[in-house]
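J.: Generate the whole structure from the sequences, applying the supplied hints.
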Amino acid sequence: MDLFYAFLKQRSAAGNISSLELLNEAERYNKNEKQRMDLFYAFLKQRSAAGNISLELLNEAERYVSPLAL
2 MDLFYAFLKQ
12 RSAAGNISSL
22 ELLNEAERYN
32 KNEKQRMDLF
42 YAFLKQRSAA
52 GNISLELLNE
62 AERYVSPLAL
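Take the sequence shown: its letter number 19 is residue 20 in our numbering, and every next letter is one higher.
Note that these hints are calculated values from the structure, not bench results. If you're wondering where the values come from, they're calculated on a predicted model, not measured in any experiment. Idealized CB from N, CA, C, for every residue including glycine. Some clues are possibly wrong.
What the hints assert, rightly or not - Derived SDA-like pairs: lysine to any residue, alpha-carbon spacing no greater than 20 angstroms straight-line: (1) Lys35 with Val66; (2) Lys35 with Glu22; (3) Lys35 with Leu59; (4) Lys46 with Ala62; (5) Lys35 with Leu21; (6) Lys35 with Ala7; (7) Lys10 with Arg29; (8) Lys46 with Arg12; (9) Lys46 with Gln11; (10) Lys10 with Leu45; (11) Lys46 with Glu61; (12) Lys35 with Gln11.
Claimed, not checked - Distance ranges between label pairs, derived from CB positions: (13) Gly52 with Ala15: 29 to 37 angstroms; (14) Ser55 with Arg29: 27 to 35 angstroms; (15) Phe8 with Glu63: 30 to 38 angstroms; (16) Asn60 with Lys35: 16 to 24 angstroms; (17) Gly52 with Asp3: 16 to 24 angstroms.
T.: Next comes the structure, spelled out in structure tokens:
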């Protein structure tokens, strides 16, 4: 699980998150629904930084993700 979060954090910091690539990584690590929500949150966070997602939606999504994904 730590490898997945390290990968997620690295891609998020670089700002080049591909939703397909992240989904493939999640499948590779055989993650459950919680990790998939973390994936979705990272995707939303990237889109929010670009101005494509409202801050309210991002804040609502934060309620469902693990603390490691924030």
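J.: Could you run down the list of hints and mark each one as holding or not?
T.: The hints, checked one at a time:
{"no.": "1", "hint": "Lys35 with Val66", "result": "holds (7 angstroms)"}
{"no.": "2", "hint": "Lys35 with Glu22", "result": "holds (18 angstroms)"}
{"no.": "3", "hint": "Lys35 with Leu59", "result": "holds (16 angstroms)"}
{"no.": "4", "hint": "Lys46 with Ala62", "result": "holds (9 angstroms)"}
{"no.": "5", "hint": "Lys35 with Leu21", "result": "holds (18 angstroms)"}
{"no.": "6", "hint": "Lys35 with Ala7", "result": "holds (16 angstroms)"}
{"no.": "7", "hint": "Lys10 with Arg29", "result": "holds (17 angstroms)"}
{"no.": "8", "hint": "Lys46 with Arg12", "result": "holds (12 angstroms)"}
{"no.": "9", "hint": "Lys46 with Gln11", "result": "holds (14 angstroms)"}
{"no.": "10", "hint": "Lys10 with Leu45", "result": "holds (14 angstroms)"}
{"no.": "11", "hint": "Lys46 with Glu61", "result": "holds (12 angstroms)"}
{"no.": "12", "hint": "Lys35 with Gln11", "result": "holds (19 angstroms)"}
{"no.": "13", "hint": "Gly52 with Ala15: 29 to 37 angstroms", "result": "violated (19 angstroms)"}
{"no.": "14", "hint": "Ser55 with Arg29: 27 to 35 angstroms", "result": "holds (31 angstroms)"}
{"no.": "15", "hint": "Phe8 with Glu63: 30 to 38 angstroms", "result": "violated (20 angstroms)"}
{"no.": "16", "hint": "Asn60 with Lys35: 16 to 24 angstroms", "result": "holds (19 angstroms)"}
{"no.": "17", "hint": "Gly52 with Asp3: 16 to 24 angstroms", "result": "violated (32 angstroms)"}
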